[in-house]
Amino acid sequence: MEKKMKPKSQFRTLVALTFKQGYARLGGAIVLGILFLAIFGPFFAPYTFDEFVDVPNAPRSDTLMLGADYFGRDVYSRFLSGGRSIIGLSFISTVLGVGLGLLIGLFAASAKKRTDGLIMRANDILLAFPQIVFVLLVVSGFGTSVFLIAVTVGFTHAPRTARIIRAAAAEVMERDFIKAAIAVGEKRQRIIISELLPNVTSPLLVEFGLRMTYSIGLVAAVSFLGLGLQPPAADWGLMINENRGSLTVQPWGVLAPIAAIALFTIGVNFITDSFAKAAIGIDRKGKE
Amino acid sequence: MMSKIRDFFNQGGLLLFALGRILAGIPIIIALTVLVFMATQALPGDAAVSYLANTATPERLAAIREQLNLDDPLWVQYFSWASDALRLDFGMTLTGETSVSAILGERIQNTLILMASSGIIAIPLSIVIGTYAAVRRGKIFDNVSSLVTLVLASLPEFVVAIFVVFLLATNIFQIFPAISFVEPGTLAWADPMSLVLPSLTLILAVTPYVSRIMRGSMIEVMESEYIQMARLKGLSERTVILRHALPNAIAPTIQVIALQLAWLAGGVVVVEAVFAYPGIGTVMIDSVKARDLPIVQAITLMIAALYVVLNILADIGTILSTPRLRTKHARKNDTSDVFAAMDGDQ
Chain A
1 MEKKMKPKSQ FRTLVALTFK QGYARLGGAI VLGILFLAIF GPFFAPYTFD EFVDVPNAPR
61 SDTLMLGADY FGRDVYSRFL SGGRSIIGLS FISTVLGVGL GLLIGLFAAS AKKRTDGLIM
121 RANDILLAFP QIVFVLLVVS GFGTSVFLIA VTVGFTHAPR TARIIRAAAA EVMERDFIKA
181 AIAVGEKRQR IIISELLPNV TSPLLVEFGL RMTYSIGLVA AVSFLGLGLQ PPAADWGLMI
241 NENRGSLTVQ PWGVLAPIAA IALFTIGVNF ITDSFAKAAI GIDRKGKE
Chain B
1 MMSKIRDFFN QGGLLLFALG RILAGIPIII ALTVLVFMAT QALPGDAAVS YLANTATPER
61 LAAIREQLNL DDPLWVQYFS WASDALRLDF GMTLTGETSV SAILGERIQN TLILMASSGI
121 IAIPLSIVIG TYAAVRRGKI FDNVSSLVTL VLASLPEFVV AIFVVFLLAT NIFQIFPAIS
181 FVEPGTLAWA DPMSLVLPSL TLILAVTPYV SRIMRGSMIE VMESEYIQMA RLKGLSERTV
241 ILRHALPNAI APTIQVIALQ LAWLAGGVVV VEAVFAYPGI GTVMIDSVKA RDLPIVQAIT
301 LMIAALYVVL NILADIGTIL STPRLRTKHA RKNDTSDVFA AMDGDQ
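Going line by line, the protein sequences match chains A and B. Each residue of the first sequence is one higher than the one before, starting from 1 at the first, in this note's numbering. Each residue of the second sequence is one higher than the one before, starting from 1 at the first, in this note's numbering.
Calculated directly from the structure, the hints in this document are not laboratory data. Among the clues, some could well be false.
As the list claims (entries may be wrong) - Once the Cα atoms are required to be at most 27 Å apart in a straight line, the calculated DSS-like pairs of lysine-lysine come out as:
1. B:K139 with A:K277
2. A:K20 with B:K289
3. A:K113 with A:K20
4. A:K112 with A:K20
5. A:K20 with A:K277
6. A:K112 with A:K187
Since we're looking at a predicted model, the values are computed, not measured.
Can you make the complete structure from the sequences, with help from the hints?
Structure below.
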């Protein structure tokens, strides 16, 4: 009989082990900083995001910390206001996508072999579309809508998460305590919620971190391509697109938002990577 | 006689497996055409309405509907579209009088040139980085390359593209053009300088994934018993690594390489848009903006089909490069192991 560690205490050890690593702490600090900037930034903006403050592409000065954008608006104020949309949308699509993928994965793993095979084959078909291509296909059919983009990005995550979760859950299904639960005649719903779910939290969290970085990339790319938020909205992706033409004269309109996106994705990935390493470490110890 | 037949099938195990995988790909391709076709049905109004936009009158709408067969039942429309699509005939574009295939023709070649020039550099480079990092595990090269690949793997490809432009084209150095000037009617070879930055971006996007998998795979192989055996035999470390470890470590990496090549087909869309590179990615973005669905459908279908083909090739490649699986398939067609080895999707 294998020893069953309480999932809760194991999780706490895992988090402790994660943040023992320097990169995880650095990543955490970066993520918190960017989140603070995105959420509270608009309150510190000296101007509104759409008022004209100077000539187009005005250089940095005492009043304009990062100069003016291609239209003559304050880059610093637009930068402070432009994080909410991208981070908010990315978060929504990650929650939707990973949630849906989790449901499909757990359902497939605990289903009969035939149903499981059928679900996963259908899943494989969806994997054939690169995420950005699928999002573009939907946008060309329905037109641009911020909400639609968040949902579609989430939808493209689902089959990818489902595959990872199914693989992890299928392994758990083979363990003694699940077999015991099935033998005792526990309901499938209960097995999924109280036996399977607590035992796939590590791959689930790794997926969540990974999908969050991809969400940001996708949401920002769609805005950057001019298919997401529409002017005059302040949005990091859109700002990069708008000010790209004046990169040589006034780079701050591009550099500020792109640095924020880069730092955020790097920060999230540092945490995810450290967490994954910690989880693998615990697994190895358990097997020895 | 019987033993001859048995011999034939034993040797043909691999061939049969390959054939089986190709046959299994057919229903997937059909399912993809259904999905992509359904995108037309999602349009509010039908293709005739978007085709005519503001100039629509009932008579003109009726004429266009007849021309596009929109009055036929859905399955008739699907079959005529799908059978044309299989012959790479995607009909006319919504906005112009040209056919989709005419627009895509040389753009596809340009995109393939870009993908090839990135892949040819990225894949050997990642194998070298991954192997060297594994051999020097815990040393400075390993630590630095781990950090750099982790950072690069985090960055969205358009972010990398703009960094590259900032660094090498506009602000810091002005070595390469920030925008492609490939003239219409010529292929990207004609202006190799235009290829540099888009390729570099894609290389920086693909290398981290493949090299990290390669490193992991190599570390696992280096800890195995047969490598210790080879060392005990007194072989030089160089021979152990290059002759014994490397070939075995590459096999699990093949699936990831295939997935990364398939990813390139998607990543190329955004990267081409940044550099105004005249490939299918730029056409796709323009067509999405113009909501010219036939072009978008054609490109989507081709990219998805490429994914299926690359996966089949990867499965076959994995078996070819894994002796254990190769002999196993000579006996029976059990593929479960191979698919269990598939991982690392982006």
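### Message
With the threshold set at 27 Å, check whether the alpha-carbon distance from A:K20 to B:K289 stays at or below it.
### Response
The given pair, whose Cα atoms are some 48 Å apart, is violated under the 27 Å limit.
### Message
Would the hint linking A:K20 and A:K277 be met if the CA-CA limit is 27 Å?
### Response
holds (11 Å)
### Query
Holds or violated: A:K112 with A:K20, Cα cutoff 27 Å?
violated (41 Å)
### Message
Please verify whether B:K139 and A:K277 have alpha carbons no more than 27 Å apart.
### Response
holds (18 Å)
### Query
Straight-line Cα separation of A:K112 and A:K187 no greater than 27 Å?
holds (14 Å)
### Query
CA of A:K113 to CA of A:K20, is that 27 Å or under?
violated (41 Å)
In this structure, the earlier hints numbered 2, 3 and 4 are contradicted, and the remaining ones agree with it.
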